[in-house]
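Novice: Listed below, chain by chain, are the residues.
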Amino acid sequence: EAGVVQSPRYKIIEKKQPVAFWCNPISGHNTLYWYLQNLGQGPELLIRYENEEAVDDSQLPKDRFSAERLKGVDSTLKIQPAELGDSAVYLCASSLVGVAYNEQFFGPGTRLTVL
Amino acid sequence: AQKITQTQPGMFVQEKEAVTLDCTYDTSDQSYGLFWYKQPSSGEMIFLIYQGSYDEQNATEGRYSLNFQKARKSANLVISASQLGDSAMYFCAMREGRSGGYNKLIFGAGTRLAVHP
Numbered sequence: 001e002a003g004v005v006q007s008p009r010y011k012i013i014e015k016k017q018p019v020a021f022w023c024n025p026i027s028g029h030n031t032l033y034w035y036l037q038n039l040g041q042g043p044e045l046l047i048r049y050e051n052e053e054a055v056d057d058s059q060l061p062k063d064r065f066s067a068e069r070l071k072g073v074d075s076t077l078k079i080q081p082a083e084l085g086d087s088a089v090y091l092c093a094s095s096l097v098g099v100a101y102n103e104q105f106f107g108p109g110t111r112l113t114v115l
Numbered sequence: 116a117q118k119i120t121q122t123q124p125g126m127f128v129q130e131k132e133a134v135t136l137d138c139t140y141d142t143s144d145q146s147y148g149l150f151w152y153k154q155p156s157s158g159e160m161i162f163l164i165y166q167g168s169y170d171e172q173n174a175t176e177g178r179y180s181l182n183f184q185k186a187r188k189s190a191n192l193v194i195s196a197s198q199l200g201d202s203a204m205y206f207c208a209m210r211e212g213r214s215g216g217y218n219k220l221i222f223g224a225g226t227r228l229a230v231h232p
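These protein sequences, in sequence, are chains A and B.
FYI, the numbering for the first sequence is 1 to 115, going by the working numbering.
FYI, the numbering for the second sequence is 116 to 232, going by the working numbering.
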């Protein structure tokens, strides 16, 4: 079974430029998460989707960040415009709610560097 | 507010020895879950072990065991017979709420483990 796929793995942009990250969750997983991981810290939830609905986006900076999950499968996280402080790793995870202890499966992340 | 504390920024252990990574948590919920994840340099978070708040026995998964002390609100990870491939960041995380429902995870800051030959 394929794991969570993310692309790109690395992205370097200049400040004020837009950037987008893509995530393909594990097949059949109805819940998708985007996390932000700053250097030396644990991941922090940005947004959670159940199917195509964003059910928790309280931590998403909506002035510059946006996300979508079309058809309840793939998801895209966008930043426009990027700031220096956005340099971090962006992790995508998926899970199947209602099964056991809802283990979240993580992708390898996208490391963003804003110059 | 829910919080996870990992007080050891870095640990090292000799190959084949056991090591304990500390984790304390704070929650007012009666139902919660505790996870440990491993993050190697490749960046992917790898699930290791889970302990539910109502589980009476400590969880074990191969060389990993979780020393769950509910009254002290601690959930330490024990790795037995360390291997060079165990060198990585280790994160303790807590799920708010009941199993089977919404699964927001709160992570600690992590502990970097180095296994020496």
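Derived from the structure by calculation, the hints contain no laboratory data.
Possibly wrong hints are sitting among the right ones.
[Claimed, not checked] Computed list of lysine-lysine pairs in DSBU-like fashion (alpha-carbon distance at most 35 angstroms, straight line):
| no. | chain 1 | residue 1 | chain 2 | residue 2 |
| --- | --- | --- | --- | --- |
| 1 | A | K62 | B | K131 |
| 2 | A | K78 | A | K62 |
| 3 | A | K16 | B | K118 |
Quick caveat: nothing in here was measured; it's all calculated off a predicted structure.
Novice: Each hint: holds or not?
Specialist: Hint check results:
no.: 1; hint: K62(A) with K131(B); verdict: 48 angstroms, violated
no.: 2; hint: K78(A) with K62(A); verdict: 10 angstroms, holds
no.: 3; hint: K16(A) with K118(B); verdict: 34 angstroms, holds
The structure shown violates just one earlier hint, number 1.
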